[in-house]
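Chemist: With the hints as a guide, bring both chains together as one complex.
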Amino acid sequence: MRAALALIVIGALALVVEGALVSVLPSLLLPDVALVGSVAAALFLGGAPALMALAGLGFASDLLSGAPLGLHVLVLLVPFVATRLANGSLELRRGMSEAVLAALLTPLAGVLTLGCMRLTGVSASFGLEFWLGLALQTAVNALLAPGACALVEAIASATGDVDPTRRGVAYVGSAAWAASRR
Amino acid sequence: MRELLHRLRIPLLFAGLAVLASISIFADQRALQAGGRDLSWFSGSLLEVAAPVQRVLTAPIDLVRGTYRSYVALLDVREENESLRTQVATLQEESLQLREALVASQTLEQVAELRVHLDLPMLATEVVGQDVSPWFRTVVLDRGRDHGLRAGMPIVTESGVVGLVTATTPHAARAMLILDRQSAVDGMLQRSRARGIVRGTGKAELELEFTGPSEDVQVGDLVITSGYGGVYPKGVRIGEVVSVAPEAPYLVRRAKLRPAANFEKLERVFALLWRSPTLELLSGDETPQIGAAPHDAGKVTP
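Note that the protein sequences, when read in sequence, are chains P and E. Count along the first sequence from 1, add 9, and you get the number used in the numbering used here. Count along the second sequence from 1, add 6, and you get the number used in the numbering used here.
You may find that some hints are simply not true.
Covered by chain P, per the in silico footprint, the following chain E stretches (three or more residues, Cβ under 8 Å) [said to hold, decoys possible]:
#, region
1, 24-31
2, 44-55
3, 60-67
4, 115-129
5, 133-143
6, 221-227
FYI, nobody ran anything at the bench for these hints, they're computed from the structure. Heads up, the beta-carbon is just placed ideally off N, CA and C, and yes, glycines get one too.
For reference, chain E alone in the conformation it holds in the complex (with noise of 0.2 Å):
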């Protein structure tokens, strides 16, 4: 019998890694659909450890390209005159930093606005890294749990939605974006009111979902959350119309979408320190509420 056993002991593990790896799929989609899970010691210490390796990794890189552009930049301005160089490279700089003073003012602008349209406690967190396979879309945050963080908390920029936190360690956190095959948000066209389901489409572009004729679909119209999907909070932009597929004998009709937030350059993102009641009953754990969020709650915290 010992002998039977250490020969098939090969096919049993393979066949025992086959089913738990099944098992754990059919878990983390059912996690998911309840709005995400925060992620044991065990499976949450790689994303521990990824998220400050990561930071410091990313550093380096960013100042070489940085640089590297600086250098570049300087270069055009020697080869357009050189007699005016050094004049029209200190004009640069000060016309850089001005931009830079009206860029900062104008996103510290959007994010009051923000900070007073929705009336929720965010927390700013860095992206620190991005995922490693071509197939999701999803990044790590540099909060976790130990800042109020917690599975199914959206995450904005001041330009709009950006994705929902979808597992937490204490110290980082995974986040899905919009853009993610797995992602869907129940929308509304701001000028019609017509609805309909944001998915992602794996790429930068979203897809409007809606129904039929009979909804009022333009290119140009803003598509912002509908406040219904149990998620998202209603009135947060997601994007805007770029192209609407010609009608046909379907009961569902697709559009596409330019996201609203730059998922190009993603770097300070805010996570709103709310979940949705839907998501309150599904997790059934202790979260943070509106107006009882925990010690960053009030405040942009950055």
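The shape of chain P in the complex, shown without the other chains (with noise of 0.2 Å):
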């Protein structure tokens, strides 16, 4: 729990920190630290600690954005079940993969954002704007995901909060690979 702990700090004060940057950057060259830092976690920590730092992360969020409370946390659960998913099958915790996983899973959470806004009752469309300030906020979350899993994966191992449950995957090819195919 302590690695969960020392990402919601670390990522409350980098969204403080953003909010002081939205001055003189437009908000979406700015990465979702939320998103980024969930999937961080679903990552690297095991079930529980991964939760509460999306909870944690989730409901910070949505204090200084001004959203819905319980918003950002309800959205960053599909992203977060997505990623323990396929982390179960593929090798995700390397810096291409945590990239294109991030590029992957930013549209997926600004579709649902918007989604449950509408829900309920705000007035948003998914016009051509949306999907442009989607697309660019896709590429920083991509540029970001491997700095931040590298150091979501160092407090893990700091720690010791590894994921307990987390199965080495071996790759196509490799002798672990031919054992287990024996």
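Modeler: Put into structure tokens, the structure is as follows:
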């Protein structure tokens, strides 16, 4: 749980700094800290600590963004499940894989966020401007994801909160792969 | 049984979190419809920390930006005429100071006019942070409950409506701008007195929804608050009509508005220490009334 708490504190600080940077940079050029953080947590932490980190980052994001309290938590649960399922059968804990994963999950989270907003009665449209903004944020999140994952991995190693259920996935053609085939 | 619970703890935690988030969203929406709410110490602690930190972080950013702009301006003068550089720089500085003095005087005049017009106690407050999500339009203010701010209080500038306070902590507050998609203000055209709902679009413009061909709405019309929405007092500028959708066989027509307040340069704003009777009824807590505001009542606090 120490890793989750550390991640929540670092994530909340990053969100506060982002709040100040918005005065000089467009918000779409700033990474979605809650999404990237929770994906990294899903990859490197155990199930319970990762969910705790997700809840902390989601609520912090809601409080600082003015979103209905709980919206980001609800939305982040979907990328979390997708990451955990994919991580069970694919080797995602590498720089490029992490970037691709973030790039795939950012549009999903964006669509879910807007969808939830519409469900709560807010008039929001999936227009061209929305998709262009989402494309920009996808690129930013993909660039940041490997760094964020490295940070979470370091925190997990330092606190000993590594995922106990994680199985190493053998590369096709490797000795471990051949052994698993026998 | 214990082993089963241990095995199912992740799915149970996941489901619990989903239910908690859904309930929280529902409760938050209800609170927003009732004019916002005061955050608990636990929820508000992040906002309490964020406001001073963001203020400290914004100061060097503004300093660097100001220095850069001054440098660029100076370079332009050099290129224009090397021999007259010193003289031009001096004159420009003088001119700048005069213009600043003029702007400050005009701003003060507008604030005084607003005070007289609204006849409500106001509290000056600084915008110290903006929303971190591209989907919402909110700002963080450096005054909170201890200064008399309450959820549901309108925020204005000398130019017009800015938004309303949606959450407060003892020393900070969050305000939803009228540009936010969740915002809706009951507006009225100053010329024809036609009424409509002004909605935020999430962008730098507003949308006026009014009924059918019977209403007289023209480009250039000034839209003000009607006072019927139960949030804003009557007669505060909202924006100016820049385009009107062509007539169609629908009951509701739309017009685009340019907001009266300058949201690009939102620095100092004024909170009206007042809540409408509707919000008072909905919130049910003790808040300042007209003429019975806290220590800042009756004056614009710098």
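Chemist: Determine for every hint whether it applies to the structure shown.
Modeler: Okay, the hints, checked on the actual structure:
1. With 7 residues having a Cβ less than 8 Å from any Cβ of chain P, the region 24-31 of chain E passes the three-residue criterion, so the hint holds.
2. Proximity of the region 44-55 of chain E to chain P, defined as three or more residues with a beta carbon under 8 Å from a beta carbon of that chain, is established by the 5 residues found.
3. Check on the region 60-67 of chain E: 4 of its residues sit with their Cβ under 8 Å from a Cβ of chain P, so the three-residue criterion for coverage holds.
4. Under a criterion of three residues with beta carbons nearer than 8 Å to beta carbons of chain P, the stated coverage of the region 115-129 of chain E fails, only 0 such residues being counted.
5. Judged by the Cβ-Cβ criterion of 8 Å, the region 133-143 of chain E is covered by chain P as claimed, because 9 of its residues qualify and three suffice.
6. Here the region 221-227 of chain E counts 0 residues with a CB under 8 Å from a CB of chain P, which misses the bar of 3, and the coverage is violated.
In summary, the structure is inconsistent with hints 4 and 6 from the numbered list given earlier, while agreeing with the others.
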